[in-house]
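*Asks:* Assemble the whole structure, with the sequences as input and the hints as a guide.
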Amino acid sequence: MNEVTSDVLIIGGGLSGLYAASQLLISGTLLRVVLLESSERIGGRVAQLNGMVDWPVELGGEFIHGVNTTTHRLIESQLFQLIPVFDKPRSFAIYLERANQLHYADDIVVNDHDDDKKSNGGLSLVFSIMKELYSGVLDRSASELPSSALSLQDYLIWRGVSTPMLSVFDAWLAKIWGTSIDRLGIDSLRRELAKPNALCSPTPTFRLKQSTKQLVNHLSKNIDIRLNSNVQSIIYNDNNIENKDKESLIKIITKDSKEYYCKRLLITIPIDKLKQLQFIDNKANNNNNNKNNNEQVNQLYKSINNIEMGKAIKIWFDGKPLRDDTDQYLACGFIGGELVDAANQLQPPINSQPGIIKVFLDQLNRVFQRNDSQSYYLTHHIQQWPSAYSYPSVLKQPTFNPFETISKVSIKD
1486 MNEVTSDVLI IGGGLSGLYA ASQLLISGTL LRVVLLESSE RIGGRVAQLN GMVDWPVELG
1546 GEFIHGVNTT THRLIESQLF QLIPVFDKPR SFAIYLERAN QLHYADDIVV NDHDDDKKSN
1606 GGLSLVFSIM KELYSGVLDR SASELPSSAL SLQDYLIWRG VSTPMLSVFD AWLAKIWGTS
1666 IDRLGIDSLR RELAKPNALC SPTPTFRLKQ STKQLVNHLS KNIDIRLNSN VQSIIYNDNN
1726 IENKDKESLI KIITKDSKEY YCKRLLITIP IDKLKQLQFI DNKANNNNNN KNNNEQVNQL
1786 YKSINNIEMG KAIKIWFDGK PLRDDTDQYL ACGFIGGELV DAANQLQPPI NSQPGIIKVF
1846 LDQLNRVFQR NDSQSYYLTH HIQQWPSAYS YPSVLKQPTF NPFETISKVS IKD
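For the sequence shown, position 192 matches number 1677 in our numbering, and the numbering has no gaps at all.
There may be inaccurate statements among the hints.
To be verified - When the alpha-carbon atoms are kept at most 27 angstroms apart in a straight line, the in silico DSSO-like pairs for lysine-lysine are as follows: (1) Lys1760 <-> Lys1740; (2) Lys1706 <-> Lys1748; (3) Lys1680 <-> Lys1787; (4) Lys1787 <-> Lys1758; (5) Lys1743 <-> Lys1706; (6) Lys1740 <-> Lys1758.
Simulated from the structure, these hints should not be mistaken for lab results.
*Replies:* Right under this line is the structure:
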């Protein structure tokens, strides 16, 4: 078997793993760092498509939320150029398909003292509850509702949100996380939204003017990266190894039977992939350290099982311009949650154009009150993301913060 020994081994070649590896390399300590990536490329949920238009099309994550973040500070330190997103007035709108109404967020006035919060088709109540969610203060006077097992959908129905308005929450909050309102947990969601620069929060949003590839290229410099290295199991406290010098090391075995040994291990992969890893404690004796490790591992598994990941599809398509200028434009659509499964089951029409594209074009017709979007269609690209976002789910176990628990777990020999 091939063996590699390192000071630090990182599992996962997304931006988090690359950033961690790059920071270790410039830390001033002479560490050997090895990074294992299961796929044939690095970048994780950051990817680009070239050739569709004159610039790289972002197939995955592209927005930088907030200014006081690690990502934003890193980009500024490298003098990469950022451009603001959604900075123009009236740039955010809600289209209610059933009522065929387009509402701009700036036009919805929320009066906390107004008894009739169902005005504007119910959008006042929507914005009022949104305000409560982001402030962390919710109307929870109904003591009979179990707080640790309450979905956002259950809570909204209890608050009197109408069925059409439920779809606004589903699109605005749930689908952004790649899930549905019946899978978002109200307590865990409230805790998540209270964080600075939370997803969907009204913080400044930016994107890289060039491409997220800039970031990937910068972070991956001089890193020992092993592609197509799909980790299967992680073994610690292995007193069965023949080489006793490696007994205190963590052993990582990939699906193609390669072995890696390291003093410290850092895992930066999506939570659904983390659930597939095997953690094996081979300590023969049952000393106090081992008991503590077992408790730590139990806490780790408990936390992992309380976090879910949503799926998403990102669609880009090009069309013939209805303009005199020569600038290039693309339309982007985003689908999340169970709609991904429904979209993938759509049968293609006779012209072999994917059914999901026809649905996309039909929706554009309805929003802009036209009937000719199909005639302007040129080409498209569909990107599947089976692991899009980890979302604040309905807690399966008694109320606790799984993300906080994971950050504190430390398995020692």
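*Asks:* Each hint: holds or not?
*Replies:* A quick look at each hint next to the structure:
1. Lys1760 <-> Lys1740: With Cα atoms ~15 angstroms apart, Lys1760 and Lys1740 stay inside 27 angstroms; holds.
2. Lys1706 <-> Lys1748: Within the cut-off at roughly 23 angstroms; holds.
3. Lys1680 <-> Lys1787: 22 angstroms, holds
4. Lys1787 <-> Lys1758: 15 angstroms, holds
5. Lys1743 <-> Lys1706: 24 angstroms, holds
6. Lys1740 <-> Lys1758: Judged against 27 angstroms, a Cα distance of about 14 angstroms means the pair holds.
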